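Could you put together the complete structure from these sequences and hints?
Residue numbering for the sequence shown follows my numbering, starting at 1 and increasing by one per position.
Just so you know, nobody snuck in bad clues.
In silico DSS-like pairs for lysine-lysine, Cα to Cα no more than 27 Å straight-line:
(1) Lys62 to Lys194
(2) Lys193 to Lys62
(3) Lys62 to Lys77
Since the hints were made in silico from the structure, they are not lab data.
A quick note: this is a predicted structure, and the numbers were derived from the prediction, not measured.
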Amino acid sequence: MGSDGNLLRDYLRLAPVIPVVTIDDARISIDLAHALVRAGLPVIEVTLRTPAALDAISAIAKAVPEAVVAAGTVLAKSQIQEVIDAGAKFIVTPGTSLRLAEALRTSTIPVMPGCATVSEAMTLAELGFQHLKFFPAAVSGGPAWLKSVYGPLPHLRFCPTGGIDRASAASYLSLPNVVCVGGTWVTPADAMKKGDLAEIERLARDAASLRG
Numbered sequence: 001m002g003s004d005g006n007l008l009r010d011y012l013r014l015a016p017v018i019p020v021v022t023i024d025d026a027r028i029s030i031d032l033a034h035a036l037v038r039a040g041l042p043v044i045e046v047t048l049r050t051p052a053a054l055d056a057i058s059a060i061a062k063a064v065p066e067a068v069v070a071a072g073t074v075l076a077k078s079q080i081q082e083v084i085d086a087g088a089k090f091i092v093t094p095g096t097s098l099r100l101a102e103a104l105r106t107s108t109i110p111v112m113p114g115c116a117t118v119s120e121a122m123t124l125a126e127l128g129f130q131h132l133k134f135f136p137a138a139v140s141g142g143p144a145w146l147k148s149v150y151g152p153l154p155h156l157r158f159c160p161t162g163g164i165d166r167a168s169a170a171s172y173l174s175l176p177n178v179v180c181v182g183g184t185w186v187t188p189a190d191a192m193k194k195g196d197l198a199e200i201e202r203l204a205r206d207a208a209s210l211r212g
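So this is what it looks like as structure tokens:
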């Protein structure tokens, strides 16, 4: 199922922006997910960058069923089953080694593997992945790169992430091969630290209104 893009495609079409969230304290995760869902951003990528990440994914999956929680920053084969057991709906990687890509093909939940070059995108496509994370987008060519690859790779769809903010999101979303964008600007570190969910909900509501 890892390379089956139909369910993943449906998830990625739910909103124009996927908040990419780093959670230090799992106790905020449920209220955070409710705020994002209320604002119109039901797909939430929780990065595996903190010890609290798996607990946060599990809490959201159990308490906020209307949210689609993804596990981000998956780097190793050993993490695949961990995030599945935690309740993640799909997996996101920042980049994808061939060994990791082969393991991800057998995942029982969808996978959006990361790439930054045409060759990486072609390799992932050969393995059956049609929806890819383009990361780090801004420093890897941004919208110009995506425009350039649409000609030779028109069958691939991307979720560019990395260095994208409110001001630049529209330039990505207007492209035919971009299904949505990922961004950290919706859940800024200071608001997360303060637990300022009202500010996060405001930013999320604004992000949900973005269209290409």
